[in-house]
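> Could you slot chain V onto chain D? The hints should help.
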Amino acid sequence: METPIISINKVTVKISNHIVLENISFEVEKPSLLLVIGPNGAGKTTLLKTLLGITRPYRGEVRVFGLNPLKEQMKVRRLIGYVPQKDKISYETPLTVGDVVLMGVLLRKSPPRTVSEKDIEMARRALAYLGMEDEWSSLFSELSGGQQRRVLIARALSSNPLLLLLDEVFAGLDLESQENLLNILREFKESGRTIIVVEHELDPIVTLADRVLVLNRCIHAYGEPNSVLSEEKLKRIYPHLKLIEKNGRRIIVLGDRHV
Amino acid sequence: MFDPFILRAIMGTFFMSLSVPIMVIMLLRGSLYITPEISHAALGGAALGVLLQMISPVLVNPFLIVLLFCLITAVLAAYAGRSGPQALGAMLSALLAISVTIYAVIRSWLPIEKKILVDGYLISDILLLSIIDLLSLAIASIIAFTITIMFYREFIYICFDADTAEALGLRVKLYNILLFVTTSIAVAVIVKAVGVLLSVTLLTLPAAASRALTRSINIMLLASFIMALLSGLAGIALSYQLNIPTSGAIALISTAIFLITHLTRLKRR
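Chains D and V, in that order, are what the protein sequence lines are.
Quick note on numbering: my numbering labels position 104 of the first sequence as 104, and the sequence is numbered without any gaps.
Each position in the second sequence, counted from 1, maps to that position plus 259 in my numbering.
Chain D on its own, in the form it takes in the complex (with noise of 0.2 Å):
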């Protein structure tokens, strides 16, 4: 039997004495798109961190690529690329595109973490894979919210990672943002990876997830979106969900977006 590439197995995890997940079990046994929702508070980020080992589960037992993330933590991560909450990040610190990029390949290194001519290779190559290789010396922060989240990409690509964990990337996105960053996405399911995408809201990732996992503290439905995204699970952990028809497609409004 193949070593599933993540497996959460009745996990607990507890933030400073207060339970943030609850006993949660699930599998992903194959290369896909896992979208994780839930409203704000759920355990979603948390539920990354643990599988980072950057959070330590109170019980239960986890395994990314079949490795223990806490006792081969270096191993998990060098599979691993992760994309923060665009509120994580300091726009008041003036590092350039390149900078950024190059942060995920040195951060791979051991100290000192001095700039090669290969990590500028690896950079640049994962910067045009974004198609942001014209970007290089331009400022993070005076790119478009669009423009950054395909860097931040591009610096998690930027290793050749084996699972791509996203935590809400879409927020604040215009139409064609999201556009492009799905591409990337499919692109990058295509070619036998797995991408974790964390979100407040269903649209428009929903249409690539091959399975959709609804979380609020616990899990409250698991399975392929069409047997998870009913009307009767979802309105458990929202109750002002709203079904609504758009231009023939039915639209679901979770209605416990951000501020």
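Please keep in mind that the hints were generated in silico from the structure rather than gathered at the bench.
All of these numbers come straight from a predicted model, not from anything done at the bench.
Even for Gly, the Cβ is constructed at its ideal location relative to N, Cα and C.
Some clues are possibly wrong.
As the list claims (entries may be wrong) - Simulated restraints, written as ranges between beta carbons of each label pair:
hint: 1; chain 1: V; residue 1: 391; chain 2: D; residue 2: 128; range: 23 to 31 Å
hint: 2; chain 1: V; residue 1: 334; chain 2: D; residue 2: 111; range: 33 to 41 Å
hint: 3; chain 1: D; residue 1: 73; chain 2: V; residue 2: 338; range: 22 to 30 Å
hint: 4; chain 1: V; residue 1: 527; chain 2: D; residue 2: 115; range: 27 to 35 Å
hint: 5; chain 1: V; residue 1: 345; chain 2: D; residue 2: 18; range: 15 to 23 Å
hint: 6; chain 1: V; residue 1: 527; chain 2: D; residue 2: 183; range: 34 to 42 Å
hint: 7; chain 1: V; residue 1: 430; chain 2: D; residue 2: 3; range: 25 to 33 Å
hint: 8; chain 1: V; residue 1: 334; chain 2: D; residue 2: 91; range: 27 to 35 Å
hint: 9; chain 1: V; residue 1: 489; chain 2: D; residue 2: 133; range: 34 to 42 Å
hint: 10; chain 1: D; residue 1: 74; chain 2: V; residue 2: 344; range: 31 to 39 Å
hint: 11; chain 1: D; residue 1: 230; chain 2: V; residue 2: 524; range: 52 to 60 Å
hint: 12; chain 1: D; residue 1: 4; chain 2: V; residue 2: 353; range: 12 to 20 Å
As the list claims (entries may be wrong) - According to the in silico footprint, chain V covers these stretches of chain D (three or more CB under 8 Å from chain V):
hint: 13; region: 34-43
hint: 14; region: 105-117
hint: 15; region: 197-209
Positioned in the frame of chain D, the structure of chain V alone reads:
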């Protein structure tokens, strides 16, 4: 040639300037405001240091106790900062109260010549540096400068995106502590050079001026060093010419450089 006092002051200025670039990192981290609070801890350290030196003149150098007080303040500030701005504010207030109380109580016990020594930490005079002082400044500032240059990249990554830095395997908590320890060493050096009261200008203005001058972090680090060095040398020259206190002259020149860079920036816009 130069008077030995002037020569020691010039060397002291150089070592003081080596301690300034770490303030650029603190500025980018949004934590520069903590540095004057760390410098206040030096007062208690100076009083205790002078008292201990009276008891054991060979073993205790007051600068080491100042350094220790700055280190404890910085590490406790870093620890409290994790619980948010209110906890940090409470911690800094408590540490200031303790430092000032130690200063006031011990000072009242000291004979008059030792009181002057302790008060020298309030408004220090770089012209009065002894060889031992200079040696202490040299060792401390070279340590602070070396750590800044060796790990500035890691420090910047923590400022920019600590979550991803941690996800990529960087020991963020360890580097945070290293940043605060380095800062406290640098603060102790600057306090010894110009005193607690005027240290605020050198702790904040060269870093702020370099931020206004350029958008390259490497140039910012270099510019902050050059501006501190210029302030120090021009301050010594000005105090010599006009017969005014050296620390005051250094602070004035530092303020002038800051104003010029900001006016230049406004003009560029």
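> So which hints don't hold here, by number, going up?
Hint check: 1, 2, 12, 13 and 15 fail, others pass.
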